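Chain E: place on chain A using the hints.
Order-wise, the sequence lines are chains A and E.
In terms of the UniProt record's numbering, the first sequence opens at residue 1 and continues consecutively.
In terms of the UniProt record's numbering, the second sequence opens at residue 1 and continues consecutively.
None of these hints come from the bench; they were simulated from the model.
Treat each hint with caution, since some may be false.
If we take Cβ atoms under 8 Å as the criterion, some of the chain A residues that face chain E in the derived model are [unchecked claim]: (1) 35; (2) 41; (3) 45; (4) 46; (5) 74.
If you want the ones that stay clear, here's a sample from chain E, every Cβ over 10 Å from chain A, calculated [as the list claims (entries may be wrong)]: (6) 239; (7) 271; (8) 305.
No experiment lies behind these values; they were computed from the predicted model shown.
Think of the CB as a built atom: it goes at the ideal place given N, C-alpha and C, for glycine as much as any other residue.
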Amino acid sequence: MTFEITVDGRPVPARPGQTIGAALHAAGIRAWRTTRVGGRPRGLFCGIGICFDCLISVNGGPVERACLAEARPGDEVTTS
Amino acid sequence: MTVYDLAVVGGGPAGVAGALTAAQRGLRVVLVDSGVRPGGQYFRHRDVPDEPATKGFERFARQVRALEDRADVMTRRQVWAVTREDDGFTVHCLGGAAVRSRRLLIATGAHDRPLPFPGWDLPGVLTAGGAQALLKGHGVVAGRRVVVAGTGPFLLPVAAGLAAAGAEVPGVYEANGGLGLARHPLLALDKAGEAAGYLAALARRRVPYRTRHAVVAAHGDRELEAVTVARLDRDWNVLSARRVPCDTLATGYGFVPQLDLGVQLGCATRPDADGTPVLSVDAAQRTTVPGVWAAGEPTGVGGRHLAEIEGRVAGLSIAAARGTAPATRAAGVPDVLLRRRTRMRAFAAALLAAYPVKDGWRGWLRDDTVVCRCEEVPLAGIREARELGATDARSAKLLSRAGMGWCQGRVCAYPVACLAGGGQAAPRRPIAQPVTLADLAELTLEEPHD
Numbered sequence: 001m002t003f004e005i006t007v008d009g010r011p012v013p014a015r016p017g018q019t020i021g022a023a024l025h026a027a028g029i030r031a032w033r034t035t036r037v038g039g040r041p042r043g044l045f046c047g048i049g050i051c052f053d054c055l056i057s058v059n060g061g062p063v064e065r066a067c068l069a070e071a072r073p074g075d076e077v078t079t080s
Numbered sequence: 001m002t003v004y005d006l007a008v009v010g011g012g013p014a015g016v017a018g019a020l021t022a023a024q025r026g027l028r029v030v031l032v033d034s035g036v037r038p039g040g041q042y043f044r045h046r047d048v049p050d051e052p053a054t055k056g057f058e059r060f061a062r063q064v065r066a067l068e069d070r071a072d073v074m075t076r077r078q079v080w081a082v083t084r085e086d087d088g089f090t091v092h093c094l095g096g097a098a099v100r101s102r103r104l105l106i107a108t109g110a111h112d113r114p115l116p117f118p119g120w121d122l123p124g125v126l127t128a129g130g131a132q133a134l135l136k137g138h139g140v141v142a143g144r145r146v147v148v149a150g151t152g153p154f155l156l157p158v159a160a161g162l163a164a165a166g167a168e169v170p171g172v173y174e175a176n177g178g179l180g181l182a183r184h185p186l187l188a189l190d191k192a193g194e195a196a197g198y199l200a201a202l203a204r205r206r207v208p209y210r211t212r213h214a215v216v217a218a219h220g221d222r223e224l225e226a227v228t229v230a231r232l233d234r235d236w237n238v239l240s241a242r243r244v245p246c247d248t249l250a251t252g253y254g255f256v257p258q259l260d261l262g263v264q265l266g267c268a269t270r271p272d273a274d275g276t277p278v279l280s281v282d283a284a285q286r287t288t289v290p291g292v293w294a295a296g297e298p299t300g301v302g303g304r305h306l307a308e309i310e311g312r313v314a315g316l317s318i319a320a321a322r323g324t325a326p327a328t329r330a331a332g333v334p335d336v337l338l339r340r341r342t343r344m345r346a347f348a349a350a351l352l353a354a355y356p357v358k359d360g361w362r363g364w365l366r367d368d369t370v371v372c373r374c375e376e377v378p379l380a381g382i383r384e385a386r387e388l389g390a391t392d393a394r395s396a397k398l399l400s401r402a403g404m405g406w407c408q409g410r411v412c413a414y415p416v417a418c419l420a421g422g423g424q425a426a427p428r429r430p431i432a433q434p435v436t437l438a439d440l441a442e443l444t445l446e447e448p449h450d
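Extracted from the complex, chain A is given alone in its bound form:
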């Protein structure tokens, strides 16, 4: 039922249909980005694609919102 993705090299379980943001939050990873100016930790906030706090990169692609990106088996997620 569950499959695995990696986040900065660390394995994280995900379920079909889950977003990467939901999988991270469920795994107890709630902060995965720091802000440019203050280095403040950020993770999910709005959860529905509005706030852009949860930015990630999947398989080396451009930054996208973790709360909208559907997790797929083997996805390699990198954070900043």
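Same frame as chain A, but now just chain E:
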């Protein structure tokens, strides 16, 4: 390229009802939605059989199945712009897809309206809608110990859902006077009963529901560890405060309708009962731009029942308008539907009046409290902009950079406008989603063919 009779943007209750109504009357319809499946923010449904269904979901699911038989339903498509053509519109989606249509129905819904307070950008602080999306959309309980705070009836299903899913909910804190609605003549409508049902569910689980209380600060090193809960006076000034340990906060102070596409096309806006800008529509749900209709939250926040009725009225009006310029104000729409819409709008207005945002929240902020999360602009930055002469959100933005980041002010436009001292202005975003240069190039290439 196929030119549809109608393109609907948004697959929530309003969009699906509008698309289905028009398709049933013989129009060639396409519905475009950003989600994995239709449903919008209200009907978030996973393919899990043992999940208790959201109220009204079966009915919505039947509508979606009927729609899929009669129309093209495009999911996972984020619309970033709609452009006008000689004979209609082009709806541009991220990744290069585009659809052409003669008419457009904007049914883009709404998102949470959070208020800033010290620590609100700590991980673990979520919007109420975000916590609900995690639970209903992904089966993830937002935290082990979750405080729910804000204003409005939406806090109740969020708290009840979290408690039922096994989260410990130390309290639900409603900043307004609570069930002021219980004394309202519109009590007869079933929503007040729904609220009473949630309150009973919370009481069964011994979850305290406190009115005139709010979370005024969040604490933690790198993640949320506790919140300050304050007792408020009627203007939301802090009377007394205490610390409540928790790992998660779900917070929201009403909703912001998503107007970007309507504003792009030049549709007129009006202030809703609480000053929130919404798209102006006539009795037939037509905006001020010919060929463009709107339904649901973009015309005024009113919930899923009103959204569905508005969608149906729009669908009927669009079908009646086919070929000729519409002669009457709401041609082809049964009176009973219009009467129901009037009743539900009165209820929505009563809710807005019962759950306002009071000015006292400004006193919860400190100089260093982040107001714009994207550009990390603190309260002091907004104040500086005011001292430099900014008297509205737009000039405050130019001077402080608040609202200029990734989210383009979707999160902070409301508090910034309040703090700058001007009224709420409709958003002016030439693009509704961050786009790549390839998307923009696509748009340029397409223009000559009209």
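Right, here's what the structure says about each hint:
The criterion of a C-beta within 8 Å of any C-beta in chain E is met by residue 35/A, whose closest approach is roughly 6 Å, and the hint holds. Annotation: residue 41/A was flagged as interfacial toward chain E, and the flag holds, the nearest CB pair being 5 Å apart, inside 8 Å. A hinted interface residue such as residue 45/A counts as satisfied when its beta carbon comes closer than 8 Å to some beta carbon of chain E; here the least separation is about 6 Å, so the hint holds. The interface hint given for residue 46/A is met, as the beta carbon of that residue sits about 5 Å from the closest beta carbon of chain E, less than 8 Å.
Interface restraint check for residue 74/A: the shortest CB-CB distance to chain E comes to about 19 Å, outside 8 Å, so the restraint is violated. For residue 239/E, the non-interface assignment is confirmed: its Cβ lies about 28 Å from the closest Cβ of chain A, beyond the 10 Å cut-off. With a closest Cβ-Cβ approach of about 22 Å to chain A, residue 271/E is found to remain outside the 10 Å limit, as its non-interface label requires. Once the 10 Å rule is applied to beta carbons, residue 305/E is consistent with being away from chain A; the minimum gap is 21 Å.
Consistency note: the structure conflicts with earlier hint 5 alone.
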